[in-house]
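S.K.: The residues making up each chain are set out below.
2 protein chains.
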Amino acid sequence: MRGVVLHAPGDVRVEDREEPRITAPTDAVIRLTATCVCGSDLWPYRGIEEVDGPAPMGHEYVGVVEEVGGDVRNVRPGQFVVGSFFASDNTCEICRAGYQSSCVHRVPVGSLGAQAQYLRVPLADGTLVATPGMPDDDLVPSLLAASDVLGTGWFAAVAAEVGPGRTAAVVGDGAVGLLGVLAAARLGAERIIAMSRHEPRQRLAREFGATDVVTERGDEGVARVKDLTGGLGAHSVIEAVGTQQSMMQAIRSTRPGGHVGYVGVTHDVALPGMELFSSHVHLHGGPAPVRRFLPELVDLVLDRRIDPGKVFDLTLPLDRAAEGYAAMDERRAVKTLLTP
Amino acid sequence: MRGVVLHAPGDVRVEDREEPRITAPTDAVIRLTATCVCGSDLWPYRGIEEVDGPAPMGHEYVGVVEEVGGDVRNVRPGQFVVGSFFASDNTCEICRAGYQSSCVHRVPVGSLGAQAQYLRVPLADGTLVATPGMPDDDLVPSLLAASDVLGTGWFAAVAAEVGPGRTAAVVGDGAVGLLGVLAAARLGAERIIAMSRHEPRQRLAREFGATDVVTERGDEGVARVKDLTGGLGAHSVIEAVGTQQSMMQAIRSTRPGGHVGYVGVTHDVALPGMELFSSHVHLHGGPAPVRRFLPELVDLVLDRRIDPGKVFDLTLPLDRAAEGYAAMDERRAVKTLLTP
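First to last, the protein sequences are chains X and C.
Position 280 of the first sequence, counted from 1, bears residue number 280 in UniProt numbering, the numbering being contiguous throughout.
Position 246 of the second sequence, counted from 1, bears residue number 246 in UniProt numbering, the numbering being contiguous throughout.
Just so you know, these hints were derived from the structure itself, not from any lab.
One thing to keep in mind: the hints can contain errors.
Copies of the same chain look alike in the list, so a pair counts if it works inside one copy or between any two.
To be verified - Taking lysine to any residue and the SDA-like style, the derived pairs with C-alpha atoms no more than 25 Å apart in a straight line are:
(1) K310 / G133
(2) K226 / P135
(3) K226 / A97
(4) K310 / P272
(5) K310 / P132
(6) K310 / R197
(7) K226 / C92
(8) K226 / G98
(9) K310 / T23
Keep in mind it's a predicted model, so treat the numbers as computed, not measured.
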């Protein structure tokens, strides 16, 4: 089968890879309908994360079940399924508490390579959510979004305790930040401040529910958020970048007692203890437990109440994955969908 | 009047200071019944925090109202009152959200010097809680504890979301950590792991409700907490020290999705972003909004349902404050009560 392999920073190739097979009775193999490039894929692509030999890429996926292992009960061949980027048993104590991405048996799907034609999904019963029937083609991008980028934006909004009567601010106008805006709107935020300097992304943010746009960054951005919130800061701030500057911007934009939900994979970040102590914020985040939200998100998509697939502004055949990485790297595309 | 002044690290003197007067119509002046030395007073005493010229010390206090400004409505001369270490209006949006120690009009009582015979309390209506009558003498230490050290341990337990069915762990066996144990017990924790190497403090921890004691520190301490919690870590961890080691010990002792409540004043702490991200913990803390809890804590003390005053294992007249600092610095005393 064809699959994306990263050989070195900037060196994305689509190659023949061995077709995955059932290796454990809890596995499923799915034929991918769509996959995509994640902002976090850009870290090794840019050489900021080390690339350890040729590595299969991709962890976002929807597809049709081809085969299941002998112990799989919840999905069967022929079903359309959405998964998340950590396989999880969904039964351990951590999963039951809603943290499936820290499941005691978790397997990172990224290590298996979902930018491909087929994917082996471990712990299929815990990981995959089947749709009631075969979804309409135009819903596929939104279902694919649910598998990571929407689920991650949603978790950020939940972690930031967005809710009615609250003002949310969103640091980061990538796909996760934009879907954080969508999540904040669905969760009832009274006011949503999107922080973005890019006009097309601002427009999408407004479409997803942003009521205000702040173009300033860093301390100036913080000052603008304070201006908009009676000098206090937002109740809930979503951090969707993962740099020192964006984390500090998020923390400083939050009022005392408010909540920061951070989902940008943190690189070279060190949070100063005394400032955090004085800030009085709640800090929560990490790899989104997408599985917690998947059933609800899939329903919202199938009912056409949300359209997160709009973040895909570039669609390419899998074989042209390298172009998709480059477009995102150069910020010419928000997010690239790949069709295997 | 007599009052404690820190001249330089290790140089605590009790001197004649000018008696405080009403300077704003929202002030009260109280005659102190008891005051004490805080763990945080040891930071400048040890030279870890800079000492900026001779500085009046102390921010924990109970006493009797001598005089009130023209706008004070909630307390009157002759009443016994308990205050907290930040004066707060208790009416602003931040106060109403329960973060009085970040009140938009807050005044640090430490800057006024509560280790003295008299104290001016700004924003008296928002800051002070009067008892129904004059409390019994034996309750004074516990009421004094409510003004900071109990309120701080209590906030840590609330921030760590201690509750029924949960396992709490407490990093730090100073007075705040010990009262974090007490708070965890009152809040219904099923199991409370006190981390302490000091036998008398272990005993007090058990008296306050600890079910387990872990003597190991750092990674060994973390491993012991994991052993005691099915390999997962505690649901709720109270951090009551404020060093890099104690913060990391707290974070690492917490299960994914669990909560760290940190109240140790953080010195030279830098939290590594990637580890925090991967940990999946909730992090909340800062200067305890003691005022939020004061009415409840005062009631618990007056009803003799808790006895937090037990953390005072040394009582000295105010004039011997220097001995009290030294005893705490050398860990000969958990906490020193001073009688003006």
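S.K.: Hints first: check each against the structure and report whether it holds.
M.R.: Quick rundown of the hints versus the structure:
1. With identical chains, the CA atoms of K310 and G133 are at most 25 Å apart within one copy only, with a shortest distance of 22 Å there and 65 Å across copies.
2. For the homomeric pair K226 and P135, neither the shortest alpha-carbon distance inside one copy (44 Å) nor that between copies (44 Å) is at most 25 Å.
3. Taking CA atoms no more than 25 Å apart as the test, K226 paired with A97 passes between copies only; the shortest distance there is 17 Å, against 34 Å inside one copy.
4. In this assembly of identical chains, the alpha carbons of K310 and P272 never lie at most 25 Å apart, being 37 Å within a copy and 34 Å across copies at closest.
5. Taking the shortest Cα distances, K310 and P132 sit within 25 Å of each other inside one copy (23 Å), while across copies they are farther apart (62 Å).
6. For the identical chains of this complex, K310 and R197 are intra-copy neighbours only, at 19 Å inside a copy versus 57 Å across copies, given an alpha-carbon limit of 25 Å.
7. For a Cα distance limit of 25 Å, the shortest separation of K226 from C92 across copies, 16 Å, qualifies, whereas the shortest one inside one copy, 42 Å, does not.
8. In the homo-oligomer, the alpha carbons of K226 and G98 lie at most 25 Å apart only across protomers (20 Å), although the nearest pairing inside one protomer, at 33 Å, exceeds that limit.
9. Taking the shortest Cα distances, K310 and T23 never come within 25 Å of each other, neither inside one copy (36 Å) nor across copies (61 Å).
Hint violations for this structure: numbers 2, 4 and 9, all remaining hints satisfied.
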